[in-house]
Amino acid sequence: MDMTLNAFTLYILTGLQLGSIFVLIALGLTLIFGTLGVVNFAHGALYLIAIYLAVSINNALGFGLALILVPPILFVFGVLMERGLIQRFYDRPHTDQILVTFGLAIVIQELLKWVFGANNIPFAIPSWGNGILMLHDYLPFLDGFVVYPKWRLILVVVSIVTVTAVFALLHLTRFGLVIRAGMRDAEMMQFLGVNINRRFMIVFGLGSMIAGIAGVFGGPVTQVSPEVGMHLLVPSFLVVVIGGMGSLGGAVIAGILIGMAQSFTAPYINLNTVIIYLITVVILLVRPRGLLGAKGVFE
Amino acid sequence: MTDVKSEKSSNTASGWSRRSVLKATSAGAVGAVATPLFYTQNAWAEEAIGNYPVKGSEVVLGFNVPQTGAYADEGADELRAYKLAVKHLNNGGGMLDTLKPSKLTGNGILGKKVTYVTGDTQTNADASRTSARRMIERDKVIMVTGGSSSGIAIAQQYLCNELGIIFMCGLTHSNDTTGKDKQRYGFRHFFNAHMTGKALSPVLSKEYGKDRRAFHLTADYSWGHTQQQSMQEFTEKEGWSTEGNIMTPLKTTDFSQYLSQVLNSDADVLVLNHYGANMVNSLTNAVNFGMRDMQKNGKNLEIVVPLYSRLMAKGAGSANIDGVLGTSGWNWALEDEGSKVFVKTFTDEYGFPPSQAAHTCYVQTLLYANACEMAGTFYPPEVIKALEDFKFTGAGNGETLYRGADHQCIKDILVMQGNSPSARTSDFDYLKIVDQVDAATVDYDPAIFGGELGPYVPA
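Protein sequences, first through last, are from chains C and P. Counting in my numbering, the first sequence runs from 5 upward without gaps. Counting in my numbering, the second sequence runs from 19 upward without gaps.
If you are wondering where the hints come from, they were derived from the structure by calculation, not from laboratory data. Predicted, not measured: the structure shown is a model, and the values here were computed from it. Cβ atoms here follow ideal geometry from the backbone N, Cα and C, with glycine treated the same way. One or more of the hints may lead you astray.
[As the list claims (entries may be wrong)] One side only, chain C facing chain P, incomplete, derived with CB under 8 angstroms:
id, residue
1, A11
2, I129
3, W155
4, N199
5, S229
6, E231
[As the list claims (entries may be wrong)] Derived DMTMM-like pairs: lysine to aspartate or glutamate, alpha-carbon spacing no greater than 25 angstroms straight-line:
id, chain 1, residue 1, chain 2, residue 2
7, C, K117, C, D189
8, P, K198, P, D115
9, P, K269, C, D141
10, P, K101, C, E114
11, P, K131, P, E76
12, P, K158, P, E400
13, C, K117, P, E406
14, C, K117, P, D144
15, P, K130, P, D461
16, P, K269, C, E231
17, C, K154, P, D284
18, P, K362, P, E155
19, P, K158, P, D284
20, P, K118, P, D340
21, P, K269, P, D138
22, P, K118, P, D366
23, P, K317, C, E231
24, P, K403, P, E417
25, P, K317, P, D354
26, P, K255, P, D229
27, P, K158, P, D144
28, P, K317, P, E256
29, P, K403, P, D340
30, C, K117, P, D445
31, P, K362, P, D445
32, P, K317, P, D229
33, C, K117, P, D284
34, P, K228, P, E254
35, P, K224, P, D453
36, P, K228, P, E251
37, C, K154, P, E355
38, P, K317, C, D147
39, P, K101, P, E155
40, P, K130, P, D229
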């Protein structure tokens with residue numbers, strides 16, 4: 005296929021949009037890992053809960069309410085999950101954490117299948133986000149007729165806003181300062197009289213809430229069936245590894261890198277299937293801690 | 019065998035030469051080996067194959083369906099149909115009243131009460147083989163049936179063939195199942211990708227014109243590949259050209275990277291060789307890309323889904339499938355006697371009409387049972403012979419032939435079109451029948467796909 009400017013633009017947009025959903029899921033995953041040191045394999049299941057909640061609320065009460073309700077519900081769910089289960093595994097080896105969260109993911113997936121069935125539930129895009137954008141009207145360098153779905157561009161914007169908000173929270177607020185200090189040395193924070201456990205609980209809730217945001221905006225793209233969570237978990241986890249465990253910036257760069265790689269290799273099935281693993285291998289060989297991984301994390 | 023030997027002895031009583039002793043010995047040896055094969059028809063029925071002979075007053079069937087995984091809903095409907103078939107086999111009713119010719123009495127199979135065990139294929143080849151093997155070795159099933167994917171059907175078919183157990187395929191649509199991977203012990207009632215291409219392409223060219231350029235997105239496994247080849251072959255015969263084909267990984271949930279390629283091509287028809295969740299996602303994504311309201315080459319861009327099912331249509335939603343053409347093996351709205359009685363008994367039992375997966379599984383169970391009755395034995399080679407070239411009616415697809423050369427049923431198939439949300443009257447009529455293409459039209463030479471059925475008695 006000729007790589008015209010039109011085609012190149014479509015490749016880039018598709019890469020950005022595929023990367024956006026990876027970034028949104030990986031962001032929560034890496035935030036939880038960076039602060040709590042927990043490898044949360046149930047994170048895909050949190051996304052799954054979010055899309056089922058979002059589609060149910062959307063179909064019954066409209067998209068606006070889904071947007072308002074789903075992220076806070078996921079926040080509460082995340083807090084309950086942390087208090088009820090995850091905190092008991094803080095001092096256990098990573099293998100135990102992986103086993104328990106993976107088990108939890110399967111339980112959640114099967115529960116949702118039991119309630120909603122294995123078949124897809126159609127998630128309609130709200131009317132204001134439906135349709136396509138005539139890119140050639142806005143980008144004069146394009147030749148002729150080039151379009152892209154509005155919703156996917158909205159997804160990219162949502163991803164950018166969410167990433168910016170999380171960065172701002174961690175770098176511009178006192179809460180963020182405490183969290184970052186806790187990430188360096190949780191014990192010292194305890195000695196200084198800071199209830200770091202309570203803050204970590206909030207971080208877990210935040211990670212879960214980001215999965216909620218991803219579910220509301222990603223649901224119409226990935227659609228709503230019980231397998232979606234697991235399908236997204238592996239690439240998202242690889243994004244975290246490539247970016248560097250616990251690094252937010254790394255997750256963003258890696259997410260976009262993976263999205264672009266998938267977009268540009270689309271016509272070649274063999275390469276398309278293995279490209280993310282290939283990239284993972286190459287990056288880990290060159291930079292064993294990932295792109296922006298810090299020394300001493302998960303080593 | 020003793021008769022043969024004594025006859026030979028008496029003929030040579032007058033005098034023995036070295037030559038005649040050698041001749042008699044070799045003839046006797048050949049006779050001893052060959053006799054069971056041609057002198058007594060039922061003598062070989064004593065031989066144990068698979069789980070034959072069936073001991074006790076009950077016969078066990080193995081229903082191996084996806085109970086978890088992407089096709090779990092279809093698997094659940096298949097299981098409902100199997101249970102209904104067992105009920106009818108033991109007590110009469112259902113298609114036992116319409117299937118012709120039939121030796122089924124409603125008194126089990128060959129006087130033995132029918133029971134069953136179930137397994138979960140998980141739509142995974144290894145899991146399906148493990149489950150089938152467990153049924154065969156532990157539960158002593160005489161026949162295995164089920165499955166909702168061609169890869170799984172082919173995997174089970176090979177295993178069953180090796181173990182001497184007849185496998186009645188559930189929902190499998192790849193040409194390979196009764197083509198290059200066909201087996202003596204495997205039988206398929208469902209139609210295939212080749213028949214879809216043959217039935218659908220003339221309707222497509224009539225609806226959309228002969229000067230069309232198609233772009234295919236294809237699920238990257240056995241079924242997808244054969245479906246794409248068949249659609250390309252038959253649409254090109256109608257005058258269409260093929261702009262491109264991209265194989266998509268089975269686990270894809272977001273097809274945007276592939277749809278971008280379609281947007282960037284000159285194609286004015288998008289053929290989605292996807293099934294189940296794949297099709298739901300690719301079609302929904304294509305709609306999001308505006309492809310249902312787009313014009314290419316001065317024509318409306320059209321989307322085609324070669325293999326349709328009600329569950330898929332429901333998953334994609336009425337608005338998205340409105341007007342989209344495809345094919346189905348059967349639909350509950352059919353008005354023939356067999357379909358009506360099946361729909362009624364199924365609906366009475368479960369409260370909603372059956373899917374095409376349920377239909378093919380139900381019919382397969384009855385056809386196996388009937389073949390045992392016709393053969394007068396559970397002995398697999400005789401049952402296979404009874405099924406081969408068996409012609410029947412009253413099972414919902416007009417006059418049907420279970421072709422002996424490749425174990426493929428040749429029958430009418432349906433061209434379907436998605437119903438618009440306003441035209442839908444219930445939660446079950448997502449698709450409407452556009453055309454019933456007769457068996458003669460979709461028939462083909464079984465030799466074109468190669469493969470060998472193999473021997474009646476497994477090695």
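Query raised in the report: Okay, which hints does this one fail, numbers in order?
Result: Checked against the structure, the hints that fail are numbers 4, 7, 8, 9, 13, 15, 18, 19, 20, 23, 25, 29, 33, 37, 40, while the rest are satisfied.
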